[in-house]
Amino acid sequence: MAELSLQHLEKIYDNNVQAVFDFNLDVKDGELIVLVGPSGCGKSTTLRMVAGLEDITHGKLLINGKDVTAAPAKDRDIAMVFQNYALYGHMTIYENMAFSLTLRKEDPNLIHKKVIAAAEILGLMEQLNKKPSQLSGGQRQRVAMGRSIVRNPQVFLFDEPLSNLDAKLRSGTRREIMLLHKRLNATMLYVTHDQTEALTLADRIVCMSMGHVQQIGTPLELYDTPANLFVASFIGLPPMNFMDVEVKGDKLINPNFTLTMNDKEAKALAQYQGKTVVMGVRPENFEIGDELQLKVINNENLGMNTLVHGHLGADGKGERITTKLHGWCDYKIDDVVSLKMNRKRFFDKETTNAIEVEV
Amino acid sequence: MAEITNTKLDRMRYTKDKRSSQMVLLAIVLNVLYYVSIYQQDHPVVKPISADYPYYSWLIGASVILNLLFLLIGFLCSEGVKGRRKGYTGILLFLGVLQFVRIFYLPAKAHNSVYSETVKNAEGVAEVVTKKVMTDGQYAFAVAMLVLSGLLCIGAAVNSYINNKKLADYMKSVEA
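Chains as they are written, first to last, in numbering that gives the first Met the number 0: chain A, 0 to 358; chain B, 0 to 175.
Just chain A, same shape as in the assembly (with noise of 0.2 Å):
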């Protein structure tokens, strides 16, 4: 396996449109990075990139320390699984999985033992004769994946890969890759726009947003500690609610509620004094309380939980909130209900990078 690393790579296209800016990444070996962001951000083009699909206008590409900037694809013995598989229709299973070896002209028996030595980690066995149109999605997604196994790359690359799947197959699939990811310990860079699939998969996130890097670190740093504004309300389902709030002496003040700051939160906040900052508080960190009012437009049983959509304020003319409670609720429309909050973020209203708190 390999060692990944992109130095300030950027892509211009010819009609000057850019599409992504400065991107800095150092992978390491049997490291899975999962690039996330909304449609047009840049992530398969700098995938792409990696592959060497798309020429590097700007930056370098490293991998285990050789320039591969402008070396061909073929050349860098990288393997990519596309979201629509691009498997050939009228091989069987195992022509498709042994073809690139074929290809390579290598020993037939030695091609054998890789296929079915990748057949057996994908449960792919009983389908080996069979024509890709015969499978489910989420077979043919495994045969594109044991298409990449038996080359033995150095690095995997993984376009969208579960994006044809429905929601229970996705899934299943997901947990495959995550299983293959432990089981081959391989370099590997994911692409989606599914922030599940990147909380779940990633031993890293590289969130990105308009071709620029917005933050890079594991799950739990994105999840916990965004970087900035785009980051929370990207990672987490629900998304993060936000409250414009004034910073006025130890007091958070919102038209519709207002907080005492705790000694942490003040010290944080001391050089936004009379100014107007963002309060991030994602829907799973309120609970019933106190602290503010919220007037219910909606009300989703999950089971476990629900989640109670509504508008700040008893009148109900504050912020859009989503609220995620813990065990089953049964509010009406135009229910008031009194909650509190266990954990805030705070953003800079004008740069809209985080405010750093001490927990």
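Hint data in this document are derived by calculation from the structure and do not stem from the laboratory. Worth double-checking, as some hints may not be accurate.
Listed below are the simulated BS3-like cross-link pairs for lysine-lysine, each with C-alpha atoms no more than 30 Å apart in a straight line [said to hold, decoys possible]:
# : chain 1 : residue 1 : chain 2 : residue 2
1 : B       : Lys15     : A       : Lys129
2 : A       : Lys130    : B       : Lys7
3 : A       : Lys130    : A       : Lys73
Cβ-Cβ distance ranges computed for the label pairs, FRET-style [said to hold, decoys possible]:
# : chain 1 : residue 1 : chain 2 : residue 2 : range
4 : A       : Ala69     : B       : Ala167    : 52 to 60 Å
5 : A       : Ser99     : B       : Phe93     : 34 to 42 Å
6 : B       : Glu78     : A       : Leu61     : 16 to 24 Å
Derived, one-sided and incomplete: chain B residues facing chain A with beta-carbon distance under 7 Å [stated by the list, open to error]:
# : residue
7 : Thr6
8 : Tyr13
9 : Lys17
None of these values were measured; they are calculated from a predicted model. Even for Gly, the Cβ is constructed at its ideal location relative to N, Cα and C.
Once you've looked at the hints, dock chain B against the given chain A.
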């Protein structure tokens, strides 16, 4: 999964019998070469057409049909043996034998037929000369094509049969 005791045989479970298939395809190509050569005449149109003239009879239609059938069945057999289906080996054997039998029909009949031509000899006297409808060279080419085509069909059938037998025995040992 059972341990792979013989990789070469185990591979046959998932790979196609390309060799047999390609032999049949080559047999088809040789048959086409035979067929495009068989109606060639190096002499002017024979007049009058003699009763035993081999070409312009019902035979010409039958030979067209026979060749079309050979192409069709040959191609089906090629695909069949590629997929290691046992039933096609018998049909291939039949096709191979048929190619040999055909030698004694149209090419041989044409080769044995003669036509008469009146030519003036050195003294300027008209003389009737007898010539073969199919020249020796053309006949040899047609026969060679049919023989090779037949051999390839039989060879493909034998190869396919041996491979299928080996695979069946291997599968028995794996399942045992």
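Status of the hints after comparison with the structure:
As the CA atoms of Lys15(B) and Lys129(A) are separated by approximately 13 Å, the hinted pair is consistent with the 30 Å bound. Of the supplied pair hints, the one linking Lys130(A) and Lys7(B) holds, its CA atoms being roughly 22 Å apart against a limit of 30 Å. For the given pair, Lys130(A) sits about 26 Å from Lys73(A) by alpha-carbon distance, which is consistent with the 30 Å threshold. For Ala69(A) paired with Ala167(B), a C-beta distance near 53 Å keeps the hint of 52 to 60 Å intact.
Evaluation of the 34 to 42 Å hint for Ser99(A) and Phe93(B) yields a pass: the beta carbon distance comes to about 40 Å. Look at Glu78(B) against Leu61(A): about 49 Å separates their beta carbons, and that is not inside 16 to 24 Å. The interface hint given for Thr6(B) holds, since its Cβ lies 4 Å from the closest Cβ of chain A, which is under the 7 Å cut-off. For Tyr13(B), the shortest C-beta to C-beta distance to chain A is roughly 4 Å, which falls under 7 Å, so the interface hint holds.
Taking 7 Å as the C-beta contact cut-off toward chain A, the hint placing Lys17(B) at the interface is violated, the least distance being around 11 Å.
Of the numbered hints stated above, those contradicted by the structure are hints 6, 9, listed in ascending order.
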